[in-house]
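Chemist: Below are the chains, spelled out letter by letter.
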Amino acid sequence: MGASTRPKLAVFKFSSCDGCQLALLSLEDELLELAGAVEIAYFLEARSQTLPPPYDVALVEGSITTAEDSKRIQEIRQQAKLLVTIGACATAGGIQALRNWKDVDEFTRAVYATPAYIETLKQSTPISAHVPVDFELNGCPVNKAQLLEVLTALLLGRAPHLPAHSVCVECKRRGTVCVAVAQGIACLGPLTHAGCGAICPAFNRGCFGCFGPMESPNADALLAHLEESGHAAAELVRLTRGFTGFAEAFRTASEKWEKRP
Amino acid sequence: MAPSLPRVGARLTLAKSSLEQVFANLRAAGFTLIGPRLRDAALVLEEVTGLNDLPRGWRDQQAPGQYRVVPGQDSFYFDHLVGPHSWKQFLHPARLKLFGAAKNNGTWSFQSATAPPPRYAFIGVRACDLAAIARQDRVFLAGEFRDPHYAARRESLFLLAVNCGRAAPTCFCRSLQTGPRVTGGFDLALTELADVFVLEVGSEAGAEMLRETAWQPATALHASRAEEAVRQTESQIERELRTDDLPKLLYDNLEHPRWDEVARRCLACGNCTLVCPTCFCTTVEDASNLAGTRVERTRLWDSCFTLDFSHVHGGNSRPTLRARYRQWLTHKLASWKDQFGALGCVGCGRCITWCPVGIELTEEVKAIREKAA
Chain A
1 MGASTRPKLA VFKFSSCDGC QLALLSLEDE LLELAGAVEI AYFLEARSQT LPPPYDVALV
61 EGSITTAEDS KRIQEIRQQA KLLVTIGACA TAGGIQALRN WKDVDEFTRA VYATPAYIET
121 LKQSTPISAH VPVDFELNGC PVNKAQLLEV LTALLLGRAP HLPAHSVCVE CKRRGTVCVA
181 VAQGIACLGP LTHAGCGAIC PAFNRGCFGC FGPMESPNAD ALLAHLEESG HAAAELVRLT
241 RGFTGFAEAF RTASEKWEKR P
Chain B
1 MAPSLPRVGA RLTLAKSSLE QVFANLRAAG FTLIGPRLRD AALVLEEVTG LNDLPRGWRD
61 QQAPGQYRVV PGQDSFYFDH LVGPHSWKQF LHPARLKLFG AAKNNGTWSF QSATAPPPRY
121 AFIGVRACDL AAIARQDRVF LAGEFRDPHY AARRESLFLL AVNCGRAAPT CFCRSLQTGP
181 RVTGGFDLAL TELADVFVLE VGSEAGAEML RETAWQPATA LHASRAEEAV RQTESQIERE
241 LRTDDLPKLL YDNLEHPRWD EVARRCLACG NCTLVCPTCF CTTVEDASNL AGTRVERTRL
301 WDSCFTLDFS HVHGGNSRPT LRARYRQWLT HKLASWKDQF GALGCVGCGR CITWCPVGIE
361 LTEEVKAIRE KAA
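Protein sequence lines, in the order shown, are assigned to chains A and B. Letter 107 of the first sequence, counting from 1, is numbered 107 in this note's numbering, and no numbers are missing. Letter 39 of the second sequence, counting from 1, is numbered 39 in this note's numbering, and no numbers are missing.
If you are wondering where the hints come from, they were derived from the structure by calculation, not from laboratory data. A hint or two may mislead.
Below, a sample of chain B positions facing chain A; criterion: calculated Cβ distance under 7 angstroms [stated by the list, open to error]: (1) LEU38; (2) ALA42; (3) PRO84; (4) GLY270; (5) GLU285.
For glycine and all other residues, C-beta sits at the position ideal for the given N, C-alpha and C.
Chain A on its own, in the form it takes in the complex (with noise of 0.2 angstroms):
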């Protein structure tokens, strides 16, 4: 197959830590592989050369945090015929998306020597609050499995096969046992969507939610069940209001309970 008829993949990156552009760089297995099916036009973490749009694929890593980036965004979507959004950040606002619950001045005056330097938006938000996004895929980071099965169902032109259930199917699937239930665990995995394997549950840690809410998330169950079980309203704040904290299921939980006497 020849470089011009390998369709185009980008990725680009807004407000974000770099590591869902790393979890594709770590496809070490499949990296040679896929590089020869695609053809990797622009994707700076990776390579300095970059090839001018259009491009087939866009993947998009990070929220939109500056008044830059909400140009950007347009432009790029303009250049994609299929616009995919990596991780929570891009998804959900990202754990910056804390500021939208704040006031971002007050912060860049606290933080920075000189505040007037810095232009930044007063929330941080997710790719899709700006322009028409074709598939979400979760995660802090993405699984890369589940970044492999997107792009391997594009090239294929099939839908992709990423469940929205909840994380405890996945628990149950490998053995983890129940850390809610044996150890009193305020776990997030009944709200949270599946796709990282029940990584955090294997290690004996709840779930803090990083792949956002499943497919019918029922938050006020889950938290009125934990503040019976005797966790604190800040406490279930907290546990919302984390990597996808902005998602709405999320946003509207850490809200109801913050107001909570």
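Chain A is fixed; fit chain B onto it per the hints.
Modeler: Chain B in isolation, oriented as in the chain A frame:
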């Protein structure tokens, strides 16, 4: 040492330390032993190699949505009850590669991906779980469509059953006549007393595994102590599920307001179905390489609580939590009977203990009955 092997149906006593020899006999016969072990704050089912792997001196405390491991009776190996795992994960694996296919020179060739399964010996199967295996037998082995993967594991299975020496507040086997007494379908069944095991031989294979152990015919005293232990367990069971009006009760109350109420509490997380020892639903996932020249199909446990489960062309037949909970409960306690000739519930209580918000199947049925149509 007893001169020969016991006959089927015999009651014996066996020193607790002699169970090691039974394990050795099983291993020598080619079995992989699966039994209870203490891991990650729970008593799970995993491979065991010797008596020391068993959770001697530990027991569980169970309540709706809660499970804790606490010290139990020192000399007891089987002081615990059913835990987070069930035997179905070995007979009906959560993830099973079914086949692969590769395309070479334009031609597809298929390869079966299923390696011959291990021969399992299950150590410490409770009466409710024996009943659950029997229910899954009806699903997978009876009728027109026989599951070859289940059959291969089931046919070579050795079952060492245990009569429960205590009951949890989540147990309700008595209501379903599935326990706590083991009544059949085992190779060996033991009742644990403080000083000794009282054994019942259920099959020739069971008798064979007592080779070179110092078994003795049970004395009347031992036999009656064993009987008394199970009787006591039975009297500890407080939870009830009335079954005399099932399945009709549920069929007559498909629009009961209780379904709305439980839907407000249900998380649709799927835990109840996955811990249930009789739930059997699966999905398949196809994976391929980038070029589409190598593919494989994997079977995975599924749950009727996921949206994908009821997604059909044109939409979802059970979009609401209410519809999904109702589907689960009415299948388990009503249409299962029409389908397989028995209820899908054996009263083990796992769905109650392992529900993250402690929804109790028994209470849901009771609430529906109280204001039944």
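Chemist: For each hint, tell me whether it holds in the structure or not.
Modeler: Hint check:
| no. | hint | in the structure |
| --- | --- | --- |
| 1 | LEU38 | violated (11 angstroms) |
| 2 | ALA42 | holds (4 angstroms) |
| 3 | PRO84 | holds (5 angstroms) |
| 4 | GLY270 | holds (5 angstroms) |
| 5 | GLU285 | holds (6 angstroms) |
In the structure shown, a violation is registered for the earlier hint numbered 1 alone.
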